[in-house]
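Line by line, the protein sequences give chains A and B. This note's numbering numbers the first residue of the first sequence as 1 and each following residue consecutively. This note's numbering numbers the first residue of the second sequence as 1001 and each following residue consecutively.
Check before you lean on any hint, since a few could be wrong.
Pairs of lysine-lysine residues, derived as DSBU-like cross-links and limited to a Cα-Cα distance of at most 35 Å, are as follows [unchecked claim]:
#: 1; chain 1: A; residue 1: LYS312; chain 2: A; residue 2: LYS279
#: 2; chain 1: B; residue 1: LYS1021; chain 2: B; residue 2: LYS1147
#: 3; chain 1: A; residue 1: LYS14; chain 2: B; residue 2: LYS1145
#: 4; chain 1: B; residue 1: LYS1205; chain 2: B; residue 2: LYS1022
#: 5; chain 1: B; residue 1: LYS1118; chain 2: A; residue 2: LYS342
#: 6; chain 1: A; residue 1: LYS37; chain 2: B; residue 2: LYS1147
#: 7; chain 1: B; residue 1: LYS1147; chain 2: A; residue 2: LYS112
#: 8; chain 1: A; residue 1: LYS87; chain 2: B; residue 2: LYS1021
#: 9; chain 1: B; residue 1: LYS1021; chain 2: A; residue 2: LYS67
#: 10; chain 1: A; residue 1: LYS14; chain 2: B; residue 2: LYS1030
#: 11; chain 1: B; residue 1: LYS1022; chain 2: A; residue 2: LYS342
#: 12; chain 1: B; residue 1: LYS1118; chain 2: A; residue 2: LYS87
Chain A regions said to be covered by chain B (calculated; three or more residues, Cβ under 8 Å) [said to hold, decoys possible]:
#: 13; stretch: 224 to 230
#: 14; stretch: 306 to 312
#: 15; stretch: 336 to 345
#: 16; stretch: 354 to 363
For the record, the hints were derived by calculation from the structure and aren't laboratory data. Beta carbons are placed, not taken as given, at the ideal position from N, Cα and C, and that holds for glycine.
Listed below, chain by chain, are the residues.
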Amino acid sequence: MGYVAIKGGGVAIKGAQDTLEYMRCAQGDTGSPLDMKTIEHQLRFLHGRVLSEGGLYHPELASLAVKQSLGDSLEAAFALRAYRSTKPRLLETPTLDTSNMRIVRRISAAFKDIIGGQTLGATTDYALRLMRTELLDESPEAFRQVAQQWFKDQGDNAIPDTFPKVVDSLRADGLLAEVDTAAQQQPFDITREPMIFPVPRSAALATMARGETGSLLAIAYSNMRGYGDVHPTVAELRVGYVPVMLPHPISGELIEAGEVLMTECEVVAMYESDDEDDKPTFSLGYGACFGHNEVKAIAMSILDRSLQKGMKDGPTNPSEDPEFVLLHVDGIDSMGFCTHYKMPHYVTFQSDMDRLRTTQEKAQQAEEQA
Amino acid sequence: MTAMRQAKAVYPFGFLDEYAKKEVRRTVLKAIAIPGYQVPYSSREMPMGRGFGTGGLQLTLSLIGSNDTLKVIDQGSDDSVNAVNLRSFIEMTCEGINTTDVTDEADLIQSRHRIPEKPLREDQLIILQVPYPDPLVVVEPSEDKRKVMHGEADYSRLLVKLYEDIVQFDEITISHRYPTRINHHYIIDPSPIPRWDVPKLHQSKALILLGAGREKKIYAVPPYTDAEPLAFDDVPFRVENFIDQHGKRRACDRCGDTTSFLDEFTSSDGNKVYQCSDSDWCREQLQKKGA
């Protein structure tokens, strides 16, 4: 081992880490550390965001990431994503069938009645955003009571294993185009291949599936407001646990390796009729991500639809431009580059000053001569 | 640090998994074979921010072996916070490597914004961290279109930009990241090195690798390759000017050298002070003076 060169900078970094660690523990005697399950359950939506933006389904490490980043969703997703870089790819799953999702929530804005029924599930959609002051000083007893009561009141009525997809009934009625079998080829793997534009739709979907929620929302919202014209109807939004099937190492037979919590959204948009031969049909936008994150899934489905239009006819606004959307929605990339501006730029700034002074001198000379 | 000791147990040599390192090495070979061409690669996420040198870091981690001696610099200094951070991360994940501040002793140098003043040798390799790999980004936002322009060596809009500068300011205003033509075809963004360092790319004895992690590109200036900064016959390329108002070349306040790139700052008594940006160069000049 050679000698290690660390001077002032190293001390400063260590000091910064220690200060942050103190901040985490500043509650002192009255505090107790967050445990992983507490984060997974009581910070459920933050946890889901980190799973999805980190691009790695590892609930325990996602909790740890939330904990060590003091709840910063960008930082937490970043830690999870960086961990992912150290792991080789061992297997690929076949396409998972989300009709096998163990549903915890399922709604449609297109039809009052859907086969299998609507299940509102856990949502804040119709909640009044009033301050629940009773939680200010919640006792552990009251907290535990909730879960106990909940199971007591649940009936035994079994939930079906599968629910049919609303879009399938639209297809059966000829209102929506059949599944594009060409698109079912080997999907583009954004973690193993660089995106060289133009990219296939699967690359766009994969990029958005681990995109940053706020970034996707902002660009999708621009489309909703008028920089675009998707005008979506939510055919179906579902949240639940999708079984992950993997081939058995010896027999090759598909076995269930586990399940992942996912949110999936399918929006239907107004029809296209520019293909002369085909009869007009509605068009589909698809969004899906790990965790329970409905805003992300809906925003993604709108962008999927707008990007399909942009890929076909050329973009007429930012939300239809694949390069614009796909190169700017990754939270790890964008936050990293944003924070890098805090680093020293002495040399380039010296260079900037040199250019400015030279042009100032030239301007002055020109003025004096005039 | 305990965090590092614990991390060692979890993470492999060089942090990245072996497939990722292999991909980077293959990309490097292609980059050397096509001088100045930006080779796309998948680019893994590193445990430090995109923009903090993750492209350079992936190159270093994929190329370093336990018998290598590494130097890491940022703004010319081995001691700046980011250089320290990168170096300690590489030491943590690459057990057995040596590190040094001395340019002469290093066979692998990772740098941000500077190329050392001391001419590099054939047995040395320098890795530059790149925020914007494409010089055409100032004239064309779409990567798809830029790729075609590079392929056709169509740099007319870049030349127009330089021309417009001259019309407006009577001077080319590009201060750093100066567009440079490699091997008479591709124009590269040589990373945010000052114009001062651009001539060092030309016929360099050392291999120069450039890595852009966030933008997922690797490119190279192979040894003994022509590198020409973009200019006009009647408006030559000019490096930073360190001449004072009396027409005298400014000297480093510490070592007195008048041949290096200088950092300018204001001392506590309000005076302008100039010092070598390259801290190892400064140290060497001081040593020579003392001897």
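Right, here's what the structure says about each hint:
no., hint, verdict
1, A/LYS312 to A/LYS279, "holds (18 Å)"
2, B/LYS1021 to B/LYS1147, "holds (26 Å)"
3, A/LYS14 to B/LYS1145, "violated (45 Å)"
4, B/LYS1205 to B/LYS1022, "holds (25 Å)"
5, B/LYS1118 to A/LYS342, "holds (29 Å)"
6, A/LYS37 to B/LYS1147, "violated (48 Å)"
7, B/LYS1147 to A/LYS112, "violated (50 Å)"
8, A/LYS87 to B/LYS1021, "holds (12 Å)"
9, B/LYS1021 to A/LYS67, "holds (30 Å)"
10, A/LYS14 to B/LYS1030, "violated (39 Å)"
11, B/LYS1022 to A/LYS342, "holds (32 Å)"
12, B/LYS1118 to A/LYS87, "violated (39 Å)"
13, 224 to 230, "violated (count 0)"
14, 306 to 312, "violated (count 0)"
15, 336 to 345, "holds (count 9)"
16, 354 to 363, "holds (count 6)"
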